[in-house]
Amino acid sequence: MINDCTKITVSVRDLHKHFESGHSETRLFNGLNFDINEGDFVAITGSSGTGKTTLMNLIAGLDKPTKGTIRVLGKELSLLSDRELTALRAESIGILFQTFGLLTDLNVKENIKVTQMISGKNNLNGERYSDELLEFFGLNNKADFSPSSLSVGEAKKAGIARALSTGPQVLLLDEPTGNLDPQSVNVLLPILRGLRHIYGKTIIMTTNTPRAAKIANREIHIEKPKIIPIM
Amino acid sequence: MASYALLLKLFSKPEYRTFLSVVMISVLTIILWFVIANEIGHYVRSIMMVTIFVAISALVLNEIVASFANRKRDIAILIAVGIWKHLIGGILLLKTIVYTSIGWTLGMIMAYLLGWLGGISNSIALQQIALFSVVLVLGPAMVAGISCLLHTSRFNVPEVLRQ
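Residue numbers (the numbering used here), protein chains in the order written: chain A, 11 to 241; chain B, 167 to 329.
These are calculated hints, taken from the structure and not from any lab test.
Any given hint could turn out to be false.
Here are some chain B residues pointing at chain A (derived, C-beta under 8 Å) [stated by the list, open to error]:
1) 176
2) 243
3) 247
4) 250
Beta carbons: idealized from backbone N, C-alpha and C, even for Gly.
Produce the complete structure using the sequences and hints provided.
Right under this line is the structure:
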């Protein structure tokens, strides 16, 4: 029983998230439940506006649910202080944002370095690991480039390299194939497939692309939100 | 250490607004010097000193609020990847204190030189200014510190990243 519990990386129970906008309230998830085991590669699918990015933010502890609980690596997020949540993100969670989330005043390698510094993994091994990541993603010749000079596909790859640079237990990829041309998708999909086998840790990816969803070993589909008028 | 330098590189870059703030703080310090050095009425002096203090505090506050506004995307990314948000607040506060001190120091040097050229007794002003300077730097720093705390506490990462 104890072993079963420790294998669950992310556990979501009775999740609700409500947003008020104007004269209506958007109710997301409506009691969503799921467990994600260690080593799973999960695709979270659903049409636009269903709350895929919100779910990623909730799992990363960047946002709070209206109702329900989220446990990541055995820790219930609502019980953690702000500092504990920050430490959890730094040590155990890697995030690729929909908009890449690269710091434009730093070059690609510095973006990786600063993330490693935040998680306390900026030693010699970290330096070697960041070089390996840049090579794996074919960015070693762009290490000194500003993120603003990269193509969308390259920026996505740099974002994934940055997310992986701290060796996180959970990797959150928000729309890794979003806004990419078909050629770039063709380049990125084998990399994501490779990640599943090489990295071996839990990967949670949101996607609208059926081809991308197929490389995951599990799919969680999010239903459309309920929109309730406010009197 | 080199990686902390990256954070400083990111947040300490001076902007045009910062340069103007430094110049304004220098000018206000020069005015303060002459308010203290010259024989003027007690009430007028007090009012002018309070006015200068409020003006410098407003400049410092403006600097820190603008730093947050201009860097909010970078701040959101850094918080999301695991930096403690109050550390960023601390860096921005440190930056503001450094630039305030630079403005104040430049103002002191220029006021001293102007006083020396104009034959005004600098020794009395120097002692009084040294005393008042503690209030002049620490006061606005406290205002900036409280502002930093409020900004970092209320920082909404998902909302900033959504924009």
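Quick rundown of the hints versus the structure:
The beta carbon of residue 176/B is positioned within 8 Å of a beta carbon in chain A (closest approach about 6 Å), and the interface hint is therefore held. Here the hint on residue 243/B is kept, as its CB sits about 5 Å from the closest CB of chain A, short of 8 Å. A hinted interface residue such as residue 247/B counts as satisfied when its beta carbon comes closer than 8 Å to some beta carbon of chain A; here the least separation is about 5 Å, so the hint holds. At its closest, the beta carbon of residue 250/B sits 5 Å from a beta carbon of chain A; the interface hint therefore holds under the 8 Å criterion.
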